[in-house]
Amino acid sequence: MSGGVDPAIQAELVALLPRLRRFARGLAGVPDQADDLVQAACEKALSRIHQWTPGTRLDSWMFRIVQTTWLDQKRAQKVRTGEGRVDADSPLVEAELSVDGAREMESHITYDAVRRAMATLPDEQRAVMMLVCVEGQSYKEAADTLAIPIGTVMSRLSRARTALGRLVGEPAAEAAGNVVRFKPEGS
Amino acid sequence: MERITRIDDVMLMAYVDGEVDAETAREIEASIAADPAIGRRVAMFRQTATMMRGAFGEVLHEPVPARLVQALGGATAAPAAAAAMLPLRGRTERPGYLWRNAGWAAAAAIGAVALLNAASQQGIAPFSQRAPVQEVAAVVDAERWIDNLAAWYRVHRASFEKDHRLLVDIGAENVEELERWVGAKLQREVAVPDLSSFGYRQQGGRLLLIGRRPAAQFFYAAENGELVQLVIGFTDQPDREGRLDQRDDVNVVSWREKGYAYAFIGRIDGRRLWAMADATWAKLKPA
Numbered sequence: 001m002s003g004g005v006d007p008a009i010q011a012e013l014v015a016l017l018p019r020l021r022r023f024a025r026g027l028a029g030v031p032d033q034a035d036d037l038v039q040a041a042c043e044k045a046l047s048r049i050h051q052w053t054p055g056t057r058l059d060s061w062m063f064r065i066v067q068t069t070w071l072d073q074k075r076a077q078k079v080r081t082g083e084g085r086v087d088a089d090s091p092l093v094e095a096e097l098s099v100d101g102a103r104e105m106e107s108h109i110t111y112d113a114v115r116r117a118m119a120t121l122p123d124e125q126r127a128v129m130m131l132v133c134v135e136g137q138s139y140k141e142a143a144d145t146l147a148i149p150i151g152t153v154m155s156r157l158s159r160a161r162t163a164l165g166r167l168v169g170e171p172a173a174e175a176a177g178n179v180v181r182f183k184p185e186g187s
Numbered sequence: 001m002e003r004i005t006r007i008d009d010v011m012l013m014a015y016v017d018g019e020v021d022a023e024t025a026r027e028i029e030a031s032i033a034a035d036p037a038i039g040r041r042v043a044m045f046r047q048t049a050t051m052m053r054g055a056f057g058e059v060l061h062e063p064v065p066a067r068l069v070q071a072l073g074g075a076t077a078a079p080a081a082a083a084a085m086l087p088l089r090g091r092t093e094r095p096g097y098l099w100r101n102a103g104w105a106a107a108a109a110i111g112a113v114a115l116l117n118a119a120s121q122q123g124i125a126p127f128s129q130r131a132p133v134q135e136v137a138a139v140v141d142a143e144r145w146i147d148n149l150a151a152w153y154r155v156h157r158a159s160f161e162k163d164h165r166l167l168v169d170i171g172a173e174n175v176e177e178l179e180r181w182v183g184a185k186l187q188r189e190v191a192v193p194d195l196s197s198f199g200y201r202q203q204g205g206r207l208l209l210i211g212r213r214p215a216a217q218f219f220y221a222a223e224n225g226e227l228v229q230l231v232i233g234f235t236d237q238p239d240r241e242g243r244l245d246q247r248d249d250v251n252v253v254s255w256r257e258k259g260y261a262y263a264f265i266g267r268i269d270g271r272r273l274w275a276m277a278d279a280t281w282a283k284l285k286p287a
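Chains as they are written, first to last, in the numbering used here: chain C, 1 to 187; chain D, 1 to 287.
Calculated from the structure, these hints are not laboratory results.
Computed from a predicted model, the values in this text were never measured in an experiment.
Fair warning: there could be bad hints in the mix.
From chain C, some residues computed to sit far from chain D (all C-beta separations above 10 Å) [as the list claims (entries may be wrong)]: (1) Arg21; (2) Gln51; (3) Thr53; (4) Pro54; (5) Ser60; (6) Trp61; (7) Arg64; (8) Thr68; (9) Asp72; (10) Gln73; (11) Asp144; (12) Ala147.
Coverage of chain C stretches by chain D, computed from C-beta distances (three or more under 8 Å per stretch; other residues unrestricted) [as the list claims (entries may be wrong)]: (13) 24 to 37; (14) 112 to 125; (15) 155 to 166.
We put the CB at the ideal spot given by N, CA and C, even for glycine.
With the rest of the complex left out, here is chain D (with noise of 0.2 Å):
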């Protein structure tokens, strides 16, 4: 009756990879069910190829150089990848921000003006304030940190799906040691935001080394078990305004202000993370 004598890694891998047929893969199935050691090696196919597309994505956001173009015979064409790219707007306070989707070119674009129209439309009014279009070239560099910040927050969250628990220096319970505790480290006064407004309750933080340099951690979870991280770090860039990148399914609201970087890092609607954002990057100024 059995027909799969031996699973091995390259049947793993091709059901991952959805080159098996509908019944070789219910029979794996039916293996990750019973023996947990064969879910993990198909968790481990899975994410290789996540991590692959993440490690090599922004390539794709990258200014083509004119040589390549012109090695084509084409030398006005406009780099390709420059349509990634949508730089916008700004408001007062914060004079300029870009929302990119980490997509394809072309479609990527439009699904950004999409999105950025529909965000207007439902109340992010602040951002939709337009101020100088900022040159694409001169926002390219799209810091690797958001790549490592998309990567970190999908190894707490799949090990928080799995133990329900987060690795933490500093729980909830204590939150102004924590934010005396972190405070110190990253030489300024640190309020660790209340983001229960949102339905997302403190689970405590952590200190973690960015760039040789301390950075705080903090998690939040919702009641549905969605995690929210914000970290905070030193930069030595200049101020940046908030800009939303996205890394698979992970968004991540990050900018820039006197020596400081911040972000916002969960699995949830941009502009829902962008609101926490919004709704706490002043008290998150240093004083």
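Okay, chain C solo, but in the shape it has when bound (with noise of 0.2 Å):
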């Protein structure tokens, strides 16, 4: 499968794995789920390795390939969002964050919190949250990697900070009662 692959750039795609996983853990949430996107990612990468353009970004290619790879798999299995996680049971983030005191806020501020919120996004949301905070792309690179207009990563990626800006306390747009329940954008 891999006969005809440059050994530099199957190398180079050997380093880009920890990025690759957890860019996929990003989108798929559960590991497991994640790392078998990945294979599918990497096999899907190989036998079409000619239509990688030397000099353009390798890592950038990569991501776009698993988060079609994503999206495939999702519409073919018809993968519900949430299946599988440890909180499938919950329809949404189970988060009812206090916005008036530390104590509240910090039982809930945790990495799996922003884990678990990040499950309750849409899928196009999650890519450019992946993208952009977490790569550190910038809007126009995000944009060429999903193959989307630049307002649309900057219209999805403010949704999605917003949702996940609930986490720390800050209500979405509206002045916050003392309790903001959490709650996916869109879907």
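Bring the two chains, given one by one in their own frames, into a single complex with the hints.
As structure tokens, then:
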């Protein structure tokens, strides 16, 4: 399968694996499912390595393949968002966050809570969150990676960050009461 | 004259992400200065990015499953992430510890070596007596509680910076009461360590729940407002030597001993935090 692949590119792909796994974890949430996704994406990448243009970013090309593979898989398998997760039975993140006190906040603001909150976001928002906030891509790079307009990157990112912002007690826009219930945007 | 007619969330976010031009940035900064609500939105956008990096950062340090390497035709290639782990040393009393840098793979490894060398040159000798190297895989259980400790620390630090006060159950003026109360909850004697020789004053403490069990959290502050926390909680995990973890700009020195987990958390230099742990761990041991 990888017969004709340049060993240098192959090595570069292997070196990318930790970041691909991280990106996939952001999309799929569940570690095993994320690794399955990376594996499928790697196999797909090798089979079409000739489509990658030398001199362009290999990481962005791979992120794109992971993203499209994820969407393909979801379409094909009708994987319901959240299915198979630890908290599969709870339709929403059960994070009722008090916004008026560190004591209440701190019990919720954990990285677990962030990951759970991510899992409730629409797929397309998760992808831009991972690329911009975690991978550090610019809006333009993320737009190129996902083949979407830059304005779309910005609006998705803003919606996702606002949703996550509730974890730190910042209300969406309107004045918050004592409790903000975390809900996914859209979907 | 005003170029910006409306500052919306997208614009504030773009400012945080460094995606606006200098003139727009200046106008937004003026708005932040004029309106605390805008400042809070900016802080939120900044925090969400930090939270995201923290929440997904540890994936980089997990060993890469062999099947993924094989999927790329690299049957014998080493997992790239392992390079970020630096298993090391120990000393007579505590036979091994890991100095781990949470940064990028190879660069982090090199950085950690440099840091370690610097550390050993600066008088952290007891930790430089080397013992058997541990297997990387054995220490990859980068416990999630380190993430959580760092996250809590940030919350406290932010509120301390903002309000100049800490949310404590019992203040430093009643240390004995604090020790009795915390000791009862932790089912052991607890003596709140004195860090005044490091320039840190006790600020009191409080209880929190970690894994549904009580844990004590003690606060220390320096003259310059820097905050250090000590957390003591129960653990079912086996004893583990001291280890320095980094979560963004927060350092965590943690260890486990006789059913208790301990951690010093601070935004100060890891070597200094380590020195605090070194100076207090023996006294923190349960009787």
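Inset, instruction - Give me the numbers of the hints this structure contradicts, sorted from smallest to largest. - result: Number 1 only.
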